[in-house]
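Protein chains in written order, with my numbering: chain A, 729 to 987; chain B, 1370 to 1763; chain C, 7 to 514.
Derived by calculation from the structure, the hints in this document are not laboratory data.
Note that CB positions come from ideal geometry on N, CA and C, so glycine has one too.
Each hint should be verified, as a subset may be incorrect.
[What the hints assert, rightly or not] Derived pair list, reagent style PhoX-like, types lysine-lysine, alpha-carbon separation capped at 20 angstroms: (1) 436/C x 274/C; (2) 982/A x 82/C; (3) 436/C x 359/C; (4) 100/C x 10/C; (5) 120/C x 359/C; (6) 82/C x 100/C; (7) 100/C x 274/C; (8) 100/C x 120/C; (9) 900/A x 1739/B; (10) 120/C x 982/A; (11) 450/C x 466/C; (12) 900/A x 1725/B; (13) 274/C x 450/C; (14) 359/C x 10/C; (15) 10/C x 982/A.
[Stated by the list, open to error] Computed footprint of chain A on chain C; a stretch qualifies when at least three of its residues, placed anywhere within it, have a C-beta under 8 angstroms from a C-beta of chain A: (16) 84 to 96; (17) 109 to 120; (18) 227 to 241; (19) 266 to 274; (20) 309 to 316.
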Amino acid sequence: MCTTGLFAEIDALGLSYSELNQRVRIAVESGARRLVLRNVAGQRYIGTNLYGCADRQGLSGLLLEIHGTPGNDLGAFLDGPTIVVYGNAMDGTGNTMTSGRIVIHGRAGDITGLSARGGEIFVRDSVGYRTGVHMKQYQGNRPVIVIGGTSQDFLGEYMAGGIIILLGLHLKANEPHACNRLCSGMHGGAVFVRGTLRHGSLGHGVSVQPLNADDRQLVAVYVSRYAELFGADADSIMNASFTKLVPATGRPYKQLYAY
Amino acid sequence: MDLVSLLKLNNPFGDDKRHAACAIFGMMNVSGELMPGEQVFAAMNNMHERGNGLGAGFAVYGLYPHMRDYYALHVMFTDVRGKTAAEELLRKSFVLEGSEPIPTRKTPGISAEPLLWRYFLAPLDTSLGEDGEQDLLMDMVLRLNTEVPDTFVFSCGKNMGVFKGVGYPDQIAHFYRLEDYSGYIWTAHSRFPTNSHAWWGGAHPFCLVDWSVVHNGEISSYGTNRAFLETLGYRCTLFTDTEVMAYAVDLLMRRQKMTPELFAKVVAPPFWEEIDAMAEPERTLHTALRVTYAGLLMNGPFAVVIANGEQMIALTDRIRLRPLTVAVRGDIFYVSSEEAAIRFVCPGVDAVWTPKGGVPVVGRLGLIPKPEHASDNVGVCVTACGGYRDAAQS
Amino acid sequence: MPRKASDFGIRSNRLPEYAVDRDYELCIGCGVCIRQCSFDVHYLDEDHDTVRSRSELCVGCHRCSALCPTRALAIKPNPAQYRAHGSWSGEHVKDINLQAETGGVVLTGSGNDKRAPVYWDNLLINASQVTNPSIDPLREPMELRTHLGARLDAVNIQAGSLDSRLPPTIPISTPIVFSALSYGAVSFQVQLALAQAAQELGTLWNTGEGGFHPRLREYGSNTIVQVASGRFGVDLDYLNSARMVEIKIGQGAKPGIGGHLAGEKVSKDVSATRMIPEGTDAISPAPQHDIYSIEDLRMLVFALKEATNYKVPVSVKIAAVHNAPAIASGMVRAGADVIAIDGFRGGTGAAPKVIRDNVGLPIEFALAAVDQRLRDEGIRNRVSIIAGGGVRNAADVVKAIALGADAVYVGTAALIAIGCTLCQKCYSGKCNWGIATQDPYLAKRVNPDIARRRLVNLVKGWSHEIKEMLGGMGINAIESLRSNRSQLRGIGLTAEELSILGVKPAGG
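Let the hints inform the model, and build the full structure from the sequences given.
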C-alpha cells in the first residue's frame, strides 16, 4: 500500500476481504481521501467498514476507485463516500445504503440498492433481479438508481420510496425492456422507464402515468448526471418517451385482514 | 456400505434432508479441445468464502480418451472387503478392462479418505445398444450402492469422471493430482453444509451414467420430488436436493430424451399466468408438461450446472433465487456463482450475463451460447487513468 | 382498516364473545368505563341518564373492570355460546362467519392460545438431599452472571499471560433478556421502561425491527438492535450505537411470515424512528432479500461485523421450525455469535391466526434438539443460545437453561408486568392498557417510571427464585446448570418426547 497525502493505492491481489477493508480503513484514518484499489477480485463489503474513521465531511469527500470486479455487498450501509467501479459489480451493491454515490462502469447484479434509504447508484449498463427492492425514502433522503441498460425481473419490488430511472439505452429499436413483475408490491416512490415495457410485465397494484413537467425535470437532472459520468448525450436520451410507474395506492394491503 | 449404513453415514441425525449451500463453477471448450484444470482451481479458490471445507469436487469430460469406449467407474470403499464383493458383482455383467487405484497424494487437511478405485468396464452382453447398456450400468450402480457393503460408486460414464471428497476445492484438487488431467468440460463445486458430519460420497458433483450435476441452493419441494421419483423406481439414499436433481436429469434427459430447454420447463416451469398468456401450441405443451410432471417442479432456490459428454447446461430456479453468471470467450463457455471468479481467470471475456430464472444456457459441442440481449454483452470499460489490470494478468 | 361485513352489504351473525355484567346497585354512573374503553363498549344513555354497554364490541381486556371505582363491572365469557360441538368449536364457527362476511385473513395478536402441550409443565427440577449440600442463596455466594457471545475453543497462554484475542461478549447479570418489541408495535413509553429496566438490572433489551429512538440511544450499552427484512432505521449509527446486533430471520408466532405495520400506527415519532414517511404502511417482507441460503446468511453476518468493525456480537434469531437443529448448526458456521430461538408460543403484535396457531415448534423441543445437535457436532461452545417463546416464570427459565439455553428472552411476561391482560388485540392499535398503541391518549396510560419499577421487580423476583432453585440443586453458578439435563425429569411424557428433550422419566 502506498499512501501519499490524500491519495492512496492498494493492490488487492491475494487479499481477503477483511484484509483489504482493514487497509482501506487504515488509509482513511491516516487521511487518505482518494483511494485506488487495484486487482479487486470478488472481495466483499468494500466501503462498509468506515464508520467513525473520519468526520462527516471527510467521509463525504472520500473517493474509492475500484479496478476489477468487487464482490457482493459493495458499499453496504454506505454513508457518505463515493465508490466508482471500473468494471462490473456483483450482487447487493449499495445494500441498505444511507448516503453517498456508487458508479458502476459496467453492469450490476441482483438486489442492487436493496433497502437503500438515500444516496445515488449509477449503473452504466443493465442490472439483475430485484433491483431497488424495498427502497424507501425519508424526509430529505431519497435514494436514486439510474440504470443505463435494462433490468431483469422484480425491479422495484416492495418499493416504498425513492426513484429508479431505467433508460434502456442498449435496447434495439422497439425492443421492450427485459423485466417482468415490475414494481410488484410497490407502495411508494416512482420508477421512470424510457422505452417500452412488455405487455403484462407490471406487478400488481402499479399505476402507469405520463410524466408531468416536474417529473421530466427530475429525470433530466439524473440523466444529465448519467451522461456526464459515462460520456453519453443527455439530450438524445431525454428525446424519447418515458413512462412513470407509481403505486396505485400507498396502502396496498390495508383491506387484507379481518378482525 | 449397505443401504442402512449408507443412510446412517450420510444422514447421522435423521434430518428430512441435508442442507447445504455452495459455490459452483463450470467451463466448457465447445470445440472439444482439452484444457487443464488450473483456471477451474483458481476460480474455485477465488470463491473460497462460499464454502466451508466440508466438501468439494470436480467432474471432468474428455478425461480418459485412451479408454473412451469403456464405462469408467469411480468407487469409494470404506473397507477392502467391499472391493472383493463389488468386483464379484461387477463381473456378472461386465468385463473389467482396467482396475487401478485412483492416484492420490497426502494433502494437509485431507483425512479419513476411503479407498478410491477406478474400473473400466464393457458389458458382457454386446447386443444391448447404448440405452440398454446405460440401463444395465444404472442398475448395477444402484445395486452396488445399496446392497454391497462398504461400497459407493461416485462416478460412472464414458470418457468422464468425478473426483470429490471432504475438503476445500484446492485441497481436493491437490489430493487427486488433478493437474495431471485435462478435459473439454470441467464442473466444480464447493460446499457449505449445515452439518459437520460430512462424508466423501455426499460431496458434489453427483453423477449418473455420463450426467453430472453440481448444485447450489435448497429445494423446498424435496419431499414431493423424492416421492415422485421413488414411484418410478429411483431410491433416494443421500438425502440431498442434488440427488433428486440428478435423478430428474436421468429420468427426463437420459431416459426420456428431453432437450435441456424442455427439462428446464419441467423443473422450473413458467407461472400459470404466463402459460395462460401463451399462444397455441405452446400453451398446450406447457400445460401438459406442468400437469404431467407436477411432482418434478423444483420449488425454491437453486442454481445448477449439469453436464454430459455433449453439453454443459446452466440453470436457476424460475425466480432466480440463487446467483449464476455465464460468460463466453472464444470457444470457451464459463458458468459461475460469482462473476468475479470468471474474470479472475479470464479477464477479457467476450460477453458476460446473468441468465433469466428458469431459462437454461447451454453450451454444446460445436455451439457456443449467445447472450440473451445485446445489452448483456458488456465488456469491461477501459478507464482514462491507465485502464483495468486484472489479477490474472498482473 | 379491517374489512367489515357492511363493506359487502352483509349483516354479521357473530355472537358477542363477552358479556358485560354491570351491577347497577354499585354503578354510580361516573363514566370512568366510558373514558377508559377505546373500543366504545360503554356509553351514556342520555335519555335515561344511565351508563350502558354494547357487549358485542368488548375484547375482554378488563381495563374497565380493573378501574371501576365501585367494582360494579365484571367482564364474563358470553353465556350465550354456539351449540357445543366436539369438532367445531365456537371459535371455528366464529372465524368462519368472520371470513364469510369479509373474505379477509383472520388477524390476531399475542402468543398461541391453543391447548398445545406446554412441556415446561411436564418437567420437574431436582434438588440435593444428603449426598451433596444444598446452598442458601441469601447468605452464600450465588452467581447468575452470563456472557453472551462467541467463545474460543481454547485460550493460548504465553508466559503466564493471555495470548488470545477474545471475541466480544456481553456480561449480563441475570440470564433474562427482554425480547424484541418494536416501536410501532408497542408505545415509546413501553420501550423507555424496558431500556431503563435493562440498564438498572444489568441486562439487555431489544429494539425489535422498528428503529432505535434517539431518546433511547443513551441506553445503547444495554441494547440489542435488530436487522430485519424491513431494515427500518438501519444505518451505521444504528448498528454502532448498540451492544449487540441481531439478524431477525423469523419469529415464533409467525415463522416464514413478514410483517405489516399499518399506516395508522406510523405516527410522526414512529416515522422518524423507522425512517419512513408518516402514515405509510411499514412492510417487512417475509424473507430478507439478501438471504436466500446459508451462505447468504454468512454474507450478512459479516457485513454487520465489517460495519461495526468486529466490536459487537451478531445474533441470529430464528423461529423454532422442523429443521431447527440443522439450521442452527449452519448458523454457527455462518459466523453467528448468538443464536436466538423463538418457540411457537412466542408473542406478536399481529399475525394471521392460522399461522400463529399452526406453524412452528414448542421451544422446549427446539431448544433441546439444537443444543444436542451443536454438542454432537462439537460446536456448542462457540455460541450462546437465547431461548424464548412462552417463558412464564422462574421455573421455566431454569428448565430452559437446563435444556441448553445460555439465557432466555421474555416478551409477553414483560408486557404482563406492565399491564397486558392478553386480550390479543395488539394489532388494533387501541390497546386500553396503553401498551400496543401509538394513540397518545392511550399510550400515556403507561407511566414509564412505574413500568420500569414493575419490570425490575419482576426480574429481581425471578432471579431470586432462580437462585433458590440453583441452591437447591447444590449449584452456585448459573453456567453449571447449562445443558445440565440430569437436573430435570419428565413426567407424563412418551419415551420419544423424553428422548428428544434428553431427560429421564421421573423416578428414573
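Status of the hints after comparison with the structure:
For a cut-off of 20 angstroms, the pair hint linking residue 436/C to residue 274/C stands: about 17 angstroms separates their Cα positions. Distance hint between residue 982/A and residue 82/C is unfulfilled; the C-alpha atoms sit about 32 angstroms from each other, more than 20 angstroms. A distance of roughly 19 angstroms separates the Cα atoms of residue 436/C and residue 359/C; the hinted pair therefore holds under the 20 angstroms criterion. Restraint check for residue 100/C and residue 10/C: satisfied, since their Cα atoms lie roughly 14 angstroms apart, inside the 20 angstroms limit.
Taking the CA atoms of residue 120/C and residue 359/C, the gap is about 11 angstroms. The hint holds against a cut of 20 angstroms. For the suggested pair residue 82/C and residue 100/C, the alpha carbons sit about 18 angstroms apart, so the restraint of at most 20 angstroms is met. With a C-alpha separation of about 36 angstroms, the suggested pair residue 100/C and residue 274/C falls outside the 20 angstroms cut-off, and the hint is violated. A hinted pair counts as satisfied when its Cα atoms are at most 20 angstroms apart, and residue 100/C with residue 120/C qualifies at roughly 16 angstroms.
Note on residue 900/A and residue 1739/B: the hinted pairing holds, with a Cα-Cα distance of about 16 angstroms set against a maximum of 20 angstroms. The suggested pairing of residue 120/C with residue 982/A is violated, with an alpha-carbon distance near 27 angstroms, which exceeds 20 angstroms. Proposed proximity of residue 450/C and residue 466/C is contradicted: the alpha carbons are some 26 angstroms apart, above 20 angstroms. The straight-line distance between the Cα atoms of residue 900/A and residue 1725/B is roughly 19 angstroms, inside the 20 angstroms bound, and the hint therefore holds.
For the suggested pair residue 274/C and residue 450/C, the alpha carbons sit about 16 angstroms apart, so the restraint of at most 20 angstroms is met. At most 20 angstroms may separate the alpha-carbon atoms for a hinted pair to count; residue 359/C and residue 10/C meet this at roughly 17 angstroms. Taking the CA atoms of residue 10/C and residue 982/A, the gap is near 12 angstroms; set against the 20 angstroms cutoff, the hint holds. Coverage of the region 84 to 96 of chain C by chain A is violated [criterion: at least 3 residues with CB-CB distance below 8 angstroms; count 0].
Only residues whose C-beta sits within less than 8 angstroms of a C-beta in chain A count toward coverage, and the region 109 to 120 of chain C has 6 of them, enough to reach three; the restraint holds. Coverage of a stretch by a chain is defined here by at least three residues with a beta carbon nearer than 8 angstroms to that chain's beta carbons; for the region 227 to 241 of chain C and chain A the count is 5, and the condition holds. Check result for the region 266 to 274 of chain C against chain A: holds, 3 residues qualifying (beta carbon to beta carbon below 8 angstroms, three or more required). Only when three residues or more bring their CB closer than 8 angstroms to a CB of chain A does the claim for the region 309 to 316 of chain C stand; here the count is 5, and the claim holds.
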